[in-house]
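In the numbering used here, the protein residues as written are 49 to 279.
Because the hints were derived from the structure by calculation, they are not lab data. C-beta: ideal position from N, C-alpha, C; glycine also. Some hints here could point you the wrong way.
Per label pair, the in silico range of CB-to-CB distance [said to hold, decoys possible]:
no., residue 1, residue 2, range
1, 232, 168, 28 to 38 Å
2, 148, 214, 32 to 42 Å
3, 260, 130, 31 to 41 Å
4, 268, 211, 31 to 41 Å
5, 135, 203, 31 to 41 Å
Subject to a maximum C-alpha distance of 16 Å in a straight line, what follows is the list of computed EDC-like cross-link-like pairs (lysine to aspartate or glutamate) [stated by the list, open to error]:
no., residue 1, residue 2
6, 129, 164
7, 235, 260
8, 146, 164
9, 160, 274
10, 201, 123
11, 185, 123
12, 98, 175
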Amino acid sequence: MPGIPQCVLLLGDETTQIRHHRKPCRCASGGAVETDQRPADCATWENAKKIIHAIDDPRDKLVSTILAKTGCRIDEAISIKYDDLLLEDGFIRLRVRKGGKQTVIPIDEELKQAIERYQFVSSRDGEYLFPSIYGNKLGKKWMRRSIRRAAVKADVMEEGETRFQKRFTPHTFRTVFTSLMRNQGMKNHFLQYIRGDAEQETMDLYTRVDRDAARIEYLKYIKPLDLMTIS
49 MPGIPQCVLL LGDETTQIRH HRKPCRCASG GAVETDQRPA DCATWENAKK
99 IIHAIDDPRD KLVSTILAKT GCRIDEAISI KYDDLLLEDG FIRLRVRKGG
149 KQTVIPIDEE LKQAIERYQF VSSRDGEYLF PSIYGNKLGK KWMRRSIRRA
199 AVKADVMEEG ETRFQKRFTP HTFRTVFTSL MRNQGMKNHF LQYIRGDAEQ
249 ETMDLYTRVD RDAARIEYLK YIKPLDLMTI S
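Generate the whole structure from the sequences, applying the supplied hints.
Okay, here's the thing in C-alpha cells:
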C-alpha cells in the first residue's frame, strides 16, 4: 500500500517486515518497540564504531557515543545538563523524552569514563553538557553535519549520499542500538524503557521498570566501542 512505512523486527538471525501506520512493532515477547522503517544498510555496530573513531571534536564524539550506547534521540542527547549526570550510580537523566517524560537510563563504565574525560578537557560554560559556541545547547543540524562528515571519512557512506538506505544519520545510532540489544537478547520492556518509547500503551512501563534492574540487563548486552584505542 503506497505511503505506508515498513517496520523491521530483528529476531535472532531473522528479519521480518511488517507494514503499519506509524504503530510500534511487536516482537515475539508481545512488547512494542517503535521503529519507523527498514534499517539502513550501513546500520551496524562496527560502522558506528568507525564513525565515532573518525570524529575529532571531543564534544561531537561524546554526543555520538551517547547516541550509540543508549539509543536515545539526538534532541535528548544534546539537551543533557550537568546536573543530569549521575555518574557515580551509573546513570544519566534524559529530560526531553517523547511524550514529555523524563527517564534515568543506565550507562556502562566505558561511557562513564568518556564523559569524565570530556569534562576534564572542556570548560564548563552554562548548564548544558554540550554547549554551542553561543553558550546555548548544541544544534541538531550541527551534529547531523558532523556525523555525516565522519561517516564519509570512515568510508561508511559516500559524499553527497541521499538514499536513505545508504545514509548514516544521528537516528541511525538509535537503530544500531535497538538491533544490537534485541539481537543480544535484552528483554523488551527494558529496551522500551531505555529507548523512551512513548506510545500510550507502553507509558505505564516507566513506573514499573526498576532502574537498577534495567542497568543490570543493559550491562549484560552492551558492547564496547573501544574508545581508549582512539588516538
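Practice problem: Hints the structure violates: just list their numbers, smallest first. | Solution: 3, 8, 10 and 12
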